[in-house]
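Trainee: Given only the sequences and the hints, what does the whole structure look like? Please build it.
Going by numbering that gives the first Met the number 0, 257 is the number at position 258 of the sequence shown; the sequence numbering is gapless.
Just so you know, these hints were derived from the structure itself, not from any lab. Fair warning: this is a prediction, and the values are worked out from it, not measured in the lab. Misleading hints may appear alongside valid ones.
[Claimed, not checked] Below, computed lysine-lysine pairings styled on BS3-like, alpha-carbon distance capped at 30 Å:
hint	residue 1	residue 2
1	Lys50	Lys10
2	Lys10	Lys189
3	Lys276	Lys64
4	Lys10	Lys276
5	Lys242	Lys26
6	Lys45	Lys64
7	Lys26	Lys45
8	Lys115	Lys136
9	Lys82	Lys205
10	Lys135	Lys10
11	Lys189	Lys50
12	Lys62	Lys50
13	Lys84	Lys136
14	Lys82	Lys64
15	Lys195	Lys205
16	Lys84	Lys45
17	Lys26	Lys189
18	Lys26	Lys82
19	Lys276	Lys259
20	Lys115	Lys242
21	Lys136	Lys195
22	Lys258	Lys136
23	Lys26	Lys50
24	Lys45	Lys82
25	Lys75	Lys26
26	Lys259	Lys189
27	Lys10	Lys75
28	Lys84	Lys10
[Claimed, not checked] DEER-style ranges, computed between Cβ atoms:
hint	residue 1	residue 2	range
29	Lys10	Tyr217	22 to 32 Å
30	Lys62	Lys242	37 to 47 Å
31	Tyr28	Ser219	17 to 27 Å
For glycine and all other residues, C-beta sits at the position ideal for the given N, C-alpha and C.
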Amino acid sequence: MILLFDVGGTKMRIAVSEDEVGFGDIKIYDTPENFEDAVELFTTFKGGTFKVIAGGVPGVLSKDKSVLVCSPNLQKWVGKPIKNKLAELFESEVILENDAALAGLGEACFGAGRDKRIVAYLTISTGIGGTRIVDKKIDVSSWGFEPGRQIIDTDVTVWPESVAFNPENLPPGSIESYISGAALNYRYGKPSSEVKDIKVWTDVEKLLAVAINNTIAYWSPEVIVLGGGMVLEDAISINNVYKNLDEIVRIFPELPELKKADLGDTSALHGALALIKSG
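Mentor: Written as structure tokens, this is what we have:
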């Protein structure tokens, strides 16, 4: 058996794969603020014997992928021995990866990007993350990918007050500081799901198109897959983003495809399974 998990900024998902091909029922929890509380949730799965444990966490991992070194939405997890603690708890091998990287891998192998070689994946949720997948593998990097940190407004004129929204030194004027769920919550005083002003979402779609233009320029993908709660719940319109994108992309003769994630909120669990299969 294999234990799969996906720790997001808001929700945490755990599933068991009996056959190493698919997985059964997914247990969904509110992501604990403290890592120690998450360990208690994992303990409920301790009765099984797992060949390997694989999953994702949000943020930048250490070079050996055992510890979070930066995580804007899970700051109390930073520096905790995640990999070693889970290995000790289950007496199994543990594979740890960035959650957005696993979601992108899942979509590239089993979802919206499965028929393409070069896939860019962006998730717009509590935070903004993403990855580049080439030939069904997470592309090589030094520290992983953090597209949410790209600065799209150097003078911070779109939302000057965003300089006060600064979790884990998030750069003012970055796409994550403007349109992530956490940013919208800070700006409007309520969850993004409760923001109904059409103008807000029109502005979000325009800013997202700017970030995707940058993604196209530096990753040159065949398809861009968008995931995360704000996309999956249709708060952000893929069609509107594409129309904005069509107006600003100037360098390439044609745009890559722009698709919504096929696997919904199970993308990262599928990615964890794909990571194990790839050896």
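Trainee: Hey, lysine 259 versus lysine 189, does the alpha-carbon distance stay inside 30 Å?
Mentor: holds (25 Å)
Trainee: Would the hint linking lysine 82 and lysine 64 be met if the CA-CA limit is 30 Å?
Mentor: holds (8 Å)
Trainee: Decide if the proposed pair is consistent with the structure: lysine 26 and lysine 189, CA atoms, cutoff 30 Å inclusive.
Mentor: holds (26 Å)
Trainee: That 17 to 27 Å hint for tyrosine 28 and serine 219 (C-beta), does it hold up?
Mentor: violated (38 Å)
Trainee: Check whether the Cα positions of lysine 258 and lysine 136 lie no farther apart than 30 Å.
Mentor: holds (19 Å)
Trainee: Within a Cα-Cα threshold of 30 Å, do lysine 10 and lysine 189 meet the stated pairing?
Mentor: holds (17 Å)
Trainee: Does the alpha-carbon distance linking lysine 136 and lysine 195 stay inside the 30 Å limit?
Mentor: The given pair, whose Cα atoms are some 38 Å apart, is violated under the 30 Å limit.
Trainee: Would the hint linking lysine 195 and lysine 205 be met if the CA-CA limit is 30 Å?
Mentor: Holds, at roughly 17 Å.
Trainee: Given the proposed pairing of lysine 26 with lysine 82, does the C-alpha separation stay at or below 30 Å?
Mentor: holds (20 Å)
Trainee: Are the Cα positions of lysine 45 and lysine 64 separated by 30 Å at most?
Mentor: It holds: about 23 Å lies between the C-alpha atoms, which stays within 30 Å.
Trainee: Given the hint of 22 to 32 Å, check if lysine 10 and tyrosine 217 actually sit that far apart at their C-beta atoms.
Mentor: holds (30 Å)
Trainee: What's the verdict on lysine 10 and lysine 75, does the C-alpha distance respect the 30 Å limit or exceed it?
Mentor: Holds. Lysine 10 to lysine 75 sits at ~16 Å (cutoff 30 Å).
Hints 5, 9, 11, 21 and 31 from the earlier list are contradicted by this structure; the remaining hints agree with it.
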